Every structure is written in C-alpha cells, then in structure tokens.
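So the sequences go chain by chain: A and B.
Numbering-wise (the UniProt record's numbering), the first sequence opens with residue 1 and increments by one.
Numbering-wise (the UniProt record's numbering), the second sequence opens with residue 1 and increments by one.
Just so you know, the hints here were simulated from the structure itself, not pulled from any lab data.
Take every hint as true, because none was put in to throw you off.
For lysine to aspartate or glutamate, the following DMTMM-like pairs were computed, each having C-alpha atoms within a straight-line distance of at most 25 Å: (1) B:LYS53 - B:ASP23; (2) B:LYS34 - A:ASP4; (3) A:LYS193 - B:ASP181.
Stretch by stretch, here's where chain A covers chain B in the computed footprint (C-beta under 8 Å, at least three residues): (4) 9 to 23; (5) 33 to 39.
Interface residues of chain A toward chain B, partial, derived using beta-carbon atoms under 10 Å: (6) HIS18; (7) LEU56; (8) HIS61; (9) HIS64; (10) ALA65; (11) ARG72; (12) LEU92; (13) LEU151; (14) HIS191; (15) VAL192.
Values in this document were obtained by computation on a predicted structure and should not be read as measured data.
Here a beta-carbon is modelled for each residue, glycine too, at the ideal position from N, C-alpha and C.
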Amino acid sequence: MLGDKAFSLIQELDRSQHGTLPPFNEDAVRQALEEIDSLFQQNVADINHLAEDDALVAGIHLRHAALERNKRCLLAYLYNRLERLRTMRWQLGSVLPSDVRTNLCEPELEWFAQYSSTVARYMRSLGDGQGLDLTVDLKPPKNLYIEVRCLQDYGEFELEEGEVVLLSKDSTHFLPMEHCQHLIRQGVLQHVK
Amino acid sequence: MANFYTSYYPNYFSVEDILASQDRVPCKFEVTVKGLGYLDASSGNEDILPGSKIELPCWMARPLCSSKRLPIVSAQLPVNYRERYREILSADACVVDLQKLGPHFYELGLHLLPITSAPDRPRLAALLTQVLRDRLRPIMDDAQHCSADETSQKIAKLDRLEIRLFRGGQESVRDRERWLDRTAHLLSMAPLLAASNARHKRKRQDS
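Looking at chain A on its own, in the form it has when it is part of the complex (with noise of 0.2 Å):
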C-alpha cells in the first residue's frame, strides 16, 4: 500500500521507549521521498491530460491523499526527533552520550550544536548579565548542601571554592548542591536522605 515506508518509521518511533531515539532511518526517509516524488510526477502528467480525459480526477485525487500522508509521517518523524533531542539538552546538558549521538544524522548534529549554543548564549545575557544555569534546581532546593553517594569512579571533582573532592566508587560526600546536581542527573551521585 502506498505510505507504507513513511509508515514504519513512525512505527519505529513508537516502539523506541520512551525518550530514547532509534538510529536515524536513512533508507527509509529517502525511499518515502521517492514516493512521494513519484507520486507528484504521475499527478502532473494526469493534470496534463486532464482536459481530454475527465475520469483521471480520481487518480490524482488517490495519490495526493498518499502524498500528503507521506509528507506528514516525514514531517512527524523529524519533528518527534528534535522534541526529543530538545529534551535531552534540558536532561543531560550539552555533551550527549557517545551511543546517543551515533544514532544522530548530520543535520540533527548541527541543529543540536545550534540550540545548545542558543540555550547558552540565554542563560549567559540573565540576571545583568551575570548569568543565571537554568538546568539546575528544576526541583526547588530544601537545602544548600546534601549528601551524596558516589556510583562510580568518577575522579578528581573541584568545587567553586578550589577545593578538591577525590569521588570514587561507594564513598559518601557532603557536598553543596548546587554543583553536584549535574552529577546525580548524568548517574555519577547518587542523592540520599
């Protein structure tokens, strides 16, 4: 059946769980937009012919509702992509996840930069121009300092006062929560009560 192809990869996104991306399907992006070129061809040679043959209408009226539906499960999976992208920025900060960002094509790459960038430079120009990182306390803070577990060998961690902090794997800091909070989001703490 035509929109098919254009099909499964909505599929494929419906299946991925939840917040996760699948590897960009690039087979599949091109073959639908082959259809859909196809589709449009064969409709401008009918249109063509239209005045000597009036029952090509319902051919062409067939293939442009294909077409149309091919472009909107295209469309849909871009969109879907970056609204997910987009909440990975807000997640886990600039930097993605190497398994992330292989699954990515080249323009989502450029896009994501983009944005970063763009969330960067906003952040930057907040509070008279001293700044103010929006990704931390998305919870309101209870207090300025918790404990922490350490979840791995992290390494060396220095804090704003220049001290420095050695978290290796099952040790447990108090630390000021305002700089380990990207920690416990990327997995490295863990908080506890």
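Given chain A's structure and the hints, the job is docking chain B onto it.
Okay, now just chain B, sitting in the frame of chain A:
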C-alpha cells in the same frame, strides 16, 4: 463534511494520531480509478473498476469519501464498530478486550465519524464516550491499587488511550507515596539515562 477532513488531533505531528489513522476501512469504489490497479493486487487489472472492494487505510478513505463532486469510494464501518459489537460493548464494556479490537478504538472511532451515515453518527459518538465512561472507573481503581507485577496483566486488555490513563494514575500514586515518605525532594538520575542503564544491566545479566 469537508471541514472534518483537515482536522488533526491533537496536532499534525502526533504519533498516536498517525498510528490510529492507519487502520483499515472496507471501501467500495464508485468510479474507475485509472492506472492504480496495483493497489488491488488480486484483480490484476490496470485500473480499479467501479464496484471493486478494497480495504483502504483510514487516512485514504476519508478524503476520498468526502470529495466534493461525487464520492470516489463509499466506505463502510469496520466490523468492530458495527451493530453486533456495539451490542457487546453496551452490554458490558468492561470485559471487552479493546487491545484486540483496537488498539486505537477511541481514536479510530473519532476518525470514522465523518464517514458514518448521518443518522448513525450521534449514536456512534455516544457509544464511544459511554464505553470509556464505563471502563474508566475500574481502570483508575486498578491503577491505584495493583502491584508492579500485576501491571502487565492489567493493561493487556486496554486500549492505547486507556494505557496512558493507567500509567498516569500509577505515576500520581507513586508521587504521593514519595511525598508521604518525605523523599519527594530527592534529586534523581535523568529518566533517559536510568532507562538506558537498566537496559545495559539486563544485557550484562543475559550474557
């Protein structure tokens, strides 16, 4: 009828909506469609002849029936929305396996409204809301009380829309428990990483 045709709910990019509108609808062609005989592979003709019956996806059936001049196809309701199944659903909606009937029972139903005959339309619309209303209470009940191992068994018979409601219910119960434990303020790993870590762990255990 034409104003139904370009409505996308909840938006143009909605994955759920695209999935729902892929389901097939039995259609009968009213006019000859030239050069598209390959859609009906069994006929072997070059053109689609009037009177041939093909199951078309809902997204194709809708614009073709609502074409302004004369309709190109006439669509019928899929079996699941016809009288017999309606009787079953109105007898006791809670025991029906909507995963099997749908799994986009409600959303496809909305897409089918424009191609339903005018006197039947309000009845189908009323049926959809009534079915959801009947099933909602047990679903929310299960979402609040069933344990983690029971979940997969409970959602096996639910429509995709109902599964979303169910998950939402479970999530709010969990949030409430965290709040009662006074652990709601604890920071946690990004959900995305948590999911991928769990996957890696499972892989390592398998190997």
